[in-house]
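Q: Here the structure of chain R is known, so what remains is to put chain P in place on it, guided by the hints.
Order-wise, the sequence lines are chains R and P.
Counted from 1, the first sequence has number 98 at position 98 by my numbering; the numbering is strictly sequential.
Counted from 1, the second sequence has number 74 at position 74 by my numbering; the numbering is strictly sequential.
If you are wondering where the hints come from, they were derived from the structure by calculation, not from laboratory data.
Computed from a predicted model, the values in this text were never measured in an experiment.
This list has only true hints and no planted wrong ones.
Here are the simulated distance ranges between beta carbons:
id, chain 1, residue 1, chain 2, residue 2, range
1, P, GLY104, R, ASN141, 31 to 41 Å
2, P, LEU109, R, LYS112, 47 to 57 Å
3, P, ARG87, R, GLU13, 38 to 48 Å
Result set (DMTMM-like, lysine to aspartate or glutamate): computed pairs, CA atoms no more than 20 Å apart in a straight line:
id, chain 1, residue 1, chain 2, residue 2
4, R, LYS118, R, GLU144
5, R, LYS197, R, ASP138
6, R, LYS29, R, ASP138
7, P, LYS89, R, ASP26
8, P, LYS89, R, ASP138
9, R, LYS112, R, GLU144
Examples of chain P residues lying across from chain R (beta carbon under 8 Å, computed):
id, residue
10, ILE8
11, THR11
12, THR19
13, LEU25
14, ALA28
15, LEU30
16, PRO47
17, ALA53
18, ALA103
Glycine included, each C-beta is placed from N, C-alpha and C at the ideal position.
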Amino acid sequence: MQSEVIENTATSENYEKSTLRSGIMDGFKQAIPIIVGFIPVGFTFGVLATKNGLPGHMTVLMSFLVFAGSSQFIAVSLFAASMSPITIIITTFIVNLRHFLMSAAIAPHLSKIPMSRKLLFGFQLIDESFAIHMANIDRNNFGETQAVTVNCIAHFCWVTGTLLGVCGSHLVADIRPLGFDYALPAMFVVLLVWQIKSNMHAIVAFISAGAAIGLYLAGAEQLCVILAAIIGATAGVVLCNIRKK
Amino acid sequence: MQYSQEVILMTIVGMMVVTYIPRLLPIALLSNKQFPAIVTQWLSYVPAAILSALLAPSLFIHEGNFSLSFDNMYLWSSLPVFIVAIRTKSFFGTIVTGMIVIAGWRYVLVM
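Chain P extracted, bound-state conformation:
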């Protein structure tokens, strides 16, 4: 690493500033405003859209490529996880299922 301590510190402070601005601005500026109905409707879709957009690449992309093969453990392990989540709606049940399935899969591969 060729950077001096000062450069690293300044970079970290810069990262903090650009991370904080998008997190804070809407909360600071918009929380006391009444939105038009169409904006409220749009925002009501944002949680589902953003969770799905965060999750999909981590499940379907394996080592940089789109993968439906059984090497892609994260994708196939998500099947029982989705089933448990939809059937039970249980927070902990779903998470424990995910951890057991992936640990079990790795254990079987080692055997």
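Chain R on its own, in the form it takes in the complex:
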């Protein structure tokens, strides 16, 4: 792939094409764990929603429009429990508040992108793609083509997995063969390890982990991620400034 890039620099049009292609290839490689993880999880979601009586086309539409795994699972269980639509929407809002922090953290790195493409970027910003983008930014390896490729593959796999689950729900007994369900936790482990750039980052991670577990057990399951992240990042700033004095 690199040699192609060098050969094609003769004309600028070819050069643009080859950087486009290498960006897409790069994004594709980085999205592999998302592909491995999202198709089975999307499948599980499709099966679960169907078994709970949600119409198939609505299930697929939800994956396409909402594109938020955990809140979709919660929404299906709330539908099954005959909760009101308002309850479902408010719960979704609370569960997805954490994306506010992700969007704020990534915002300074998207300043060169035009507003219309920011609209798409925001629509597809999820936990997994955020973690990959931040790791790329740290290594000065961030590009719009590559990032949008990761986002679109994730979106496509989530919708496709859901569709397969809706169609194949009658076939399924066990949805966890071969350890596919562990691809995403394992990806979070390595992306977290990459984010630990100093002792203070490690301290922040420990504080957030402890806070998340504590809040979860205290009953704040829906809010634990955003609250724990705020507590962790704030503790990091406070401790860092105390140490400087």
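A: What follows is chain P alone, placed relative to chain R:
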């Protein structure tokens, strides 16, 4: 399920709106602003904090309770995964390790 198609559709559209707003607003409003140093510092801790907060409950909470027992496969499988991640920093090596360890563990349990 007691809902009509229209109610389900409206609920999905509502979910889309409340999911999109937090994802978009900061990107749309903040990306051309210069933050004060303390905000930049705070945001620099956000990725580590949020990844850790996402990961910790999935590892330490098993069937609704805090668990350090060997029934909690996700937690103990994460030990070799963390070791590989810290030693090699390898993206794929870490993920493959995780999948092999958890699949192997399940295989041993079935035996």
